[in-house]
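Protein sequences, first through last, are from chains V, A and H. Remember, our numbering sits 104 above the position in the first sequence when you count from 1. Remember, our numbering sits 3 above the position in the second sequence when you count from 1. Remember, our numbering sits 287 above the position in the third sequence when you count from 1.
Please note: incorrect hints may appear among the correct ones.
[Claimed, not checked] Straight line, CA to CA, 30 Å or less: simulated DSS-like cross-link-like pairs of lysine-lysine:
{"no.": "1", "chain 1": "A", "residue 1": "Lys16", "chain 2": "V", "residue 2": "Lys285"}
{"no.": "2", "chain 1": "A", "residue 1": "Lys99", "chain 2": "V", "residue 2": "Lys126"}
{"no.": "3", "chain 1": "A", "residue 1": "Lys92", "chain 2": "V", "residue 2": "Lys285"}
{"no.": "4", "chain 1": "V", "residue 1": "Lys133", "chain 2": "A", "residue 2": "Lys166"}
{"no.": "5", "chain 1": "V", "residue 1": "Lys360", "chain 2": "V", "residue 2": "Lys133"}
{"no.": "6", "chain 1": "A", "residue 1": "Lys242", "chain 2": "H", "residue 2": "Lys323"}
{"no.": "7", "chain 1": "A", "residue 1": "Lys166", "chain 2": "H", "residue 2": "Lys369"}
{"no.": "8", "chain 1": "V", "residue 1": "Lys133", "chain 2": "A", "residue 2": "Lys16"}
{"no.": "9", "chain 1": "A", "residue 1": "Lys16", "chain 2": "V", "residue 2": "Lys360"}
{"no.": "10", "chain 1": "A", "residue 1": "Lys8", "chain 2": "V", "residue 2": "Lys363"}
{"no.": "11", "chain 1": "A", "residue 1": "Lys92", "chain 2": "V", "residue 2": "Lys183"}
{"no.": "12", "chain 1": "V", "residue 1": "Lys133", "chain 2": "A", "residue 2": "Lys92"}
{"no.": "13", "chain 1": "A", "residue 1": "Lys99", "chain 2": "A", "residue 2": "Lys166"}
[Unchecked claim] Reference listing, derived: stretches of chain A covered by chain V, where coverage requires no fewer than 3 residues with Cβ under 8 Å from a Cβ of chain V:
{"no.": "14", "segment": "52 to 59"}
{"no.": "15", "segment": "98 to 112"}
[To be verified] Computed far set for chain H versus chain A, every beta-carbon distance over 12 Å:
{"no.": "16", "residue": "Gln307"}
{"no.": "17", "residue": "Pro314"}
{"no.": "18", "residue": "Arg318"}
{"no.": "19", "residue": "Gly330"}
{"no.": "20", "residue": "Ala344"}
{"no.": "21", "residue": "Arg353"}
{"no.": "22", "residue": "Tyr357"}
{"no.": "23", "residue": "Thr386"}
{"no.": "24", "residue": "Leu390"}
{"no.": "25", "residue": "Thr393"}
{"no.": "26", "residue": "Ile397"}
To be clear, the hints were calculated from the coordinates, so they are not data collected in a lab. Yeah, the Cβ is synthetic: ideal placement off N, Cα and C, and Gly gets one too.
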Amino acid sequence: MQQESPRNRDRFSWSGVLDVAKFWWPVLKWEFWILLGYTLLVSVLAISIDTHVLALMWSLAVSPIAYVVMFASSLFGLKSMRERFITLPALNSEKLVFTLLWTFVVIPCISELIVNAVFYLYWGQSENEVLMRMIEAPDGVADMSMEHMTVFKYWSVVIMMCGMMICLYCSTMSRSHNIIKGIGFSVLVYSIPSFLIGVLAGLVGYSLGKKGALTGNVNVEEAVNRLFDSMGIYVGGFCVVMLIYFVVMLTLYIRKFAKRQG
Amino acid sequence: MIELKNLSYYYGKSTVAALDNVSARIGNGVHLMLGENGAGKTTMLKCMAGLLLPTGGECLVDGVSVTRRLPSELARVFYLGVDDGAFMKNIDTMVKRHALFYPRFDAEELKRNLDAFGLSSSQKLSSMSLGMRHKAMLAYALSLNTEVLLLDEPANGLDIESKMTLLRMIAGKCDDEHTVLVATHTISDMETLYDGLIVMQANHIRLSAMTEEVAERFAFVRTLSKVDDSLYSEWRGGKMCSILPVDMADELGLESGPVDYAVLYGALHSPAAPEVIKYMTGPCRSDYKPFSNGVDYE
Amino acid sequence: MNFNDNIPISRQLVEYCYAQVMTGGWPCGERIPSTKDLAVTLGVNPRTVMKAYDELAEAGIIYQRRGMGYFTADDARETIIKKRRETFVRNTIPELRRTMDELGYTPQDIMNMLND
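So here's chain V without its partners, still in its complex pose (with noise of 0.2 Å):
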């Protein structure tokens, strides 16, 4: 029994993606249902709470879902997959465009694209603008700049992108071990570099304060302010640093990919 019209498999076409999808499916849409459900159920809980009780309990319930999106490419790591993946009669460029869009388009859309679309069609409002005002609920929180809250959400999502790059990287690449290095090396890369800018901003805190003290002035929303600003050309730094990071990884996971060992 003959396939009907056998297109030329040896040259790039969407629909070759689209098998290599067919080819996935069944392991991941585990973690799509599963995200895509968790969103939801957050995002409408959302909705339905007071704003201050969701102001602190937003980041720990969305959480989860920032773990499964950074570590969704582990599944291309499975041992019998991955070696079923490499002899797979499919050009490297489709499995390579497939492994790409899932990780840094399809699932990171699930989250946004749930997040954002209930919020605004609950509020109006984006999910930035949300937490926006629930950081401005009146609590004796200081009151942080939109410029400043700009550089820490680009912060985020860079750092993100370095962990799921990693991730990816680790669990088509390496031979054995691989979901573990994945997971493993995803969780330093996206905890070290915030530990370090937990520490410098501690740093720089101390000295601010420390001038503060001696100056006798003590203007404390002038001083968080200053502090951010401060923190915010260093962790521009860091984030220029970790995007190159992302850009290295990214290329080298590029040009390997035909050659990995399986």
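Given chain V, work out where chains A and H should sit, using these hints.
This is chains A and H only, laid out in the frame that chain V set:
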């Protein structure tokens, strides 16, 4: 046809070669690859399948290197490993999501194979016993109809009846369009099948020849007592099994049985190995020269 | 079919084919399994079956019709009996003679045994 040219493979940072400068030509038909565990059989099969990229040398299937991992090439080879379990829920899922990559897949053949083994395509593979799962995978692998089929220890864990069924299935693939390689460390009751033989030892190929070439140079006799001047002999199953050059067997009036792979394997791992290999390059009984693999000199 | 370890497989196949003809499993003048079919049934390499068929064709027991396959000759049984008789005279009888000498039996002793 599979061609290996100076193929070498080193795992990771290892300085010990899993495959050491291996060269061979493997024609159509069913071939037996014999070797101890660790001799390099699995590595060689994985290189042929494109799963491993060689550290040195090349592996060509019908003249095209497998290392490029082009779909058209990968669709012509299928490798079933020793502990290759299922990679999907059941055979039906595999047909739906994996077989579509193999243009020569034959659904009717799959049905026949599964029926012969008494299995169903919808049964969950994870709920099957090891033997049943293995049979299901074999049924599937054979139905993909790839030009090259690489089976690592296929008879492992199969009862006698299933081995016979497998034997019949593989026999159906003995033609000019297929090359089947069966790698094993024990002869598993499938001796009647093989066109060719490859013996691997310590990551080298010790011998690579067609069965007919072997049969035309050596007589495999079974006697009650030792035959003087035999190249090699060993006690097996209550009889003395010996390998003699054909002329000597003719002189002694001894009749040769079929090629005895177990005894030949024993010979190639004994001090008699160089002699045996020397005879392989010598003249044979008849003028008929089938397609030759070429013999490796150690 | 269980294969003997002492005799080449192609020879055993030839014997198998003889048996098929003699027992009527392969009626004379009718089509017999193709090399591939027989190979799959018995679990042997088709090339070995081909060798056996070549031998049988040479002996006139089967013949090949282009595009239609192999058929048993009409006089296949007679041919086989003739071949078997030749083997009997060439091998079995001398063998018997040798054994008789070894054991000290005379032809008369053998006659007596056969008549019992």
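Which constraints among the numbered hints does this structure fail? Numbers only, ascending.
4, 6, 7, 8 and 19
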